[in-house]
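Undergrad: Sequence:
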Amino acid sequence: MKNSIRIIAGQFRGRKIHFPDSEALRPTPDRVRETLFNWLSPVIADAKCLDLFAGSGALGFEAVSRGASEVVMIEESFEIAEQLYANRALLKCDHLEIIQQNALEYLAKKETTFDIIFLDPPFHSTLLEESLKLIIENHLLNKNGSLYIEMNKTQNIPDVFENLRLLKEKKAGQVKYLLCSLNFERCP
5 MKNSIRIIAG QFRGRKIHFP DSEALRPTPD RVRETLFNWL SPVIADAKCL
55 DLFAGSGALG FEAVSRGASE VVMIEESFEI AEQLYANRAL LKCDHLEIIQ
105 QNALEYLAKK ETTFDIIFLD PPFHSTLLEE SLKLIIENHL LNKNGSLYIE
155 MNKTQNIPDV FENLRLLKEK KAGQVKYLLC SLNFERCP
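So this note's numbering is basically just the index in the sequence shown, starting at one, shifted up by 4.
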């Protein structure tokens with residue numbers, strides 16, 4: 005398989021994970037992942053993480069490598085989920101769960117909370133706003149939790165963003181990425 009990315013740091017540093025050819029996949033670039041996990045370094049150890057639109061698995065596998073106690077990856081595509089299973093087996097990640105399901109359906113039924121949620125939906129869709137709404141309404145992010153959002157740099161921040169507190173923001177190429185927490189005073 006010619007598509008692969010390297011895990012940057014932690015237990016699996018330097019190991020490659022593979023992903024299938026798909027126009028739907030847009031792995032988070034190395035320098036964006038490095039910046040993100042530098043931001044998360046004080047809170048990643050023993051964190052319970054949700055990688056909502058797992059895709060290549062770059063964010064979820066990096067989180068496990070850096071000490072997250074549990075990572076749940078949600079991926080709707082059967083073919084992409086199969087490769088995530090293969091990567092999990094290759095790395096022998098016992099505390100990584102892969103669920104092949106629609107992300108919005110997962111959020112609508114989920115009652116467990118997470119310390120970190122990675123939210124990197126397909127660009128040019130309404131999935132970012134819909135996901136944020138469900139995360140907030142269903143109280144899926146812990147009170148001191150972190151929410152990572154990746155979007156096209158030309159994309160506007162959804163209205164539901166008023167319920168979030170922006171902690172960090174950067175741009176790289178065509179990507180704008182944000183680290184947020186919930187503003188519990190404003191959440192329903």
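What the hints contain is simulated information worked out from the structure, not anything from laboratory work.
Keep in mind that a hint or two might mislead.
As the list claims (entries may be wrong) - Each computed DSSO-like pair below joins lysine-lysine, with the alpha-carbon atoms no more than 30 Å apart:
hint, residue 1, residue 2
1, K175, K147
2, K157, K20
3, K20, K175
4, K172, K147
5, K137, K174
6, K113, K147
7, K20, K147
8, K20, K180
9, K157, K96
10, K147, K114
11, K157, K147
12, K157, K180
13, K147, K180
14, K20, K52
15, K137, K96
16, K174, K147
17, K172, K157
18, K52, K175
19, K96, K114
20, K114, K137
21, K113, K96
22, K52, K113
23, K157, K175
24, K96, K52
25, K174, K157
26, K114, K180
27, K137, K180
28, K157, K137
29, K147, K137
30, K147, K52
31, K113, K180
32, K20, K172
33, K20, K137
34, K137, K113
35, K96, K175
36, K20, K174
37, K52, K172
38, K157, K52
Owing to the predicted nature of the structure, the values given are computational and were not obtained by experimental measurement.
Undergrad: Going through the numbered hints above, which ones does this structure break? Give me the numbers in ascending order.
TA: Numbers 7, 9, 15, 33 and 35 - these are the hints that the structure violates, sorted from lowest upward.
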